[in-house]
Amino acid sequence: MTPRAILPGGIALLALGALGAALGGAAFASSWLAAALIWGSLPLGALAMLMTQGLTGGRWGEQSRPLWLALAATLPLFAAAMLPLLFGLHTLFSWTLPAQELPEVVRNKLAYLNRPFFVVRSLGYFAIWLGLAWALGVWRRRTAPVQAPGLILWLLALTFFAFDWFMSLEPEFYSDIYGLMLGTGMVAAAIACALLLGAQHMDPGARRDIANLWLAILLGWAFTAFSQYIVIWSANLPDEIGWYIHRSQGAWRPISVISFVLFFLLPFIVLLSSAAKGRADWLMFAAASCLAGHILQICWLILPAFGGWSAPQVWLVPALVLVVGAIYGAGYNAGQRINRGAEDD
Amino acid sequence: MTEQNHSEQDHYGLIARFAGPEALVAATLSAREAGYRRLEAHAPFPVPGLAEALTFRERGIPLIALSLGATAAAAAFFLQWYTAVIDYPFVVGGKPLNSWPAFLPVTFQVGIFSTVMAATITMLAKDRLPHYYHPIFNCDDFARASADGFFLSVRGGDPAEVEDFLRAQGAENVRELML
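Just so you know, the protein sequences line up as chains A and B, in that order.
Here the first sequence is numbered in numbering that gives the first Met the number 0, starting from 0 and rising by one per residue.
Here the second sequence is numbered in numbering that gives the first Met the number 0, starting from 0 and rising by one per residue.
Source of the hints: derived by calculation from the structure; they are not laboratory data.
We treat Cβ as the ideally placed atom computed from N, Cα and C, and that holds for glycine.
Careful, some of the hints might be misleading.
To be verified - Label-pair restraints from in silico Cβ distances:
#, chain 1, residue 1, chain 2, residue 2, range
1, B, K125, A, L264, 40 to 46 Å
2, A, A318, B, I60, 48 to 54 Å
3, A, F225, B, T82, 19 to 25 Å
4, B, L78, A, S233, 15 to 21 Å
5, A, L85, B, L78, 50 to 56 Å
6, B, P129, A, P237, 57 to 63 Å
7, B, V90, A, L88, 40 to 46 Å
8, B, D147, A, S273, 53 to 59 Å
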């Protein structure tokens, strides 16, 4: 996708985010963060798939490469959506409060969790990802051989991104498998998106390979997510278990179950059957279910950090998810059209 | 006459060697079309389309593996639940007696182990392995099935007629297999 297609969407996201942050305060900022991360997961996951494909080659990669490129090309939109939040850190993160008001365990983390360093790190993550996307040929015809170091860099950046933008919402909490859990979740969501968009146009062999990869990634996610849960649940330490307690109260309990069923269980059962793996319609059903589960899961990871639901959030979260998603979709479509035009020339 | 009967009784079938994987698949397809049913193909590597040409379908192993694995996993979970909740209730770390998350790793491992064992044992049983004697090894050439030989064996039938058919399909050589 060319910058031409991204520009209007990026400007719209920047303006909307800045406007909302100015007017809406904390409820808007947290809802915006959830919406941006839901859609931002897709280009991040697609980057990992592009690099994996570059390392292994194979028929599945040749067939799906245009999809990963198109998804990864929406990365600037993700950056544009996150940028306004850098000016509203005080509405999102409790560690921006004066030090004497913070619990001791958080005060000890202030050498890492402080505004200037946080902003520099955030800019760094996006510089890494945008640089990788550029090197991998998302915006040009050439591909540089950065896949192997790129994957390592991708996971490291994602782990620290998860520490900063997900985990530090509740600064007492700490889990070192979080980045892996989030990474596998994002790649699974990106594969689901690619299957939903392209399963009908791939040849059956390539489709089956992608379905098998998807199953492996989903199992990886289940493994990391359960590992984190069992370790924290067994230890039952106050700083850590609070994270799960916030996420199993009120509406979040049914949401956690529904998102698990949609994101993992339904696709897993479909992918168990060798016949279903060969059929585009079953794969598209599983992919749609996985994406719906992904939306709920990111909400479940982000929003319980802000305590109870405020009244505007009940409509604000779905509305923002739709708006940001629509801008993403528009950018994606415009890019596809321009790409096709360029190929015709 | 008795001599003749004797050799007919000893006749197992014919084995033909083909030039390559494509020729083997083509010959298998036309053999099935011509009505031969007791066919077996041997190749040094998995040839795409060969299983379909033989209309070989394996439904039993996945089903048996899945159901045995699920049963064993359920039994493992039940055993942990029974010991922790009914037989020897003991509070550990202030957790409820039915601490199901702690039961899952063992349940998972027993489930996977049983699935793999069920699949392997069913596969061996359905392949009738271990099998100490098979007439196909009476063919000197057959060792090449592990190197560069592509073989099709046809069991039973009139030897002369089958041989003509196999030669017509482009077999490089045809040999009789004796019991």
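Hint-by-hint comparison with the structure:
1. In this structure the supplied range 40 to 46 Å is violated for B/K125 paired with A/L264, their Cβ-Cβ distance being about 31 Å.
2. Separation of A/A318 from B/I60 is about 51 Å and conforms to the stated range, judged on CB atoms against 48 to 54 Å.
3. A beta carbon spacing of about 22 Å between A/F225 and B/T82 agrees with the range 19 to 25 Å that was offered as a hint.
4. The supplied range of 15 to 21 Å is met by B/L78 and A/S233, whose beta-carbon atoms lie about 20 Å from each other.
5. The hint said 50 to 56 Å for the Cβ distance between A/L85 and B/L78, and at roughly 54 Å that hint holds.
6. Judged by the Cβ atoms, the range 57 to 63 Å given for B/P129 and A/P237 holds: they are separated by roughly 59 Å.
7. At roughly 44 Å, the beta-carbon separation of B/V90 and A/L88 lies within the given 40 to 46 Å, and the hint holds.
8. Separated by about 31 Å at the C-beta atoms, B/D147 and A/S273 break the suggested range of 53 to 59 Å.
The earlier numbered hints that this structure contradicts are 1, 8.
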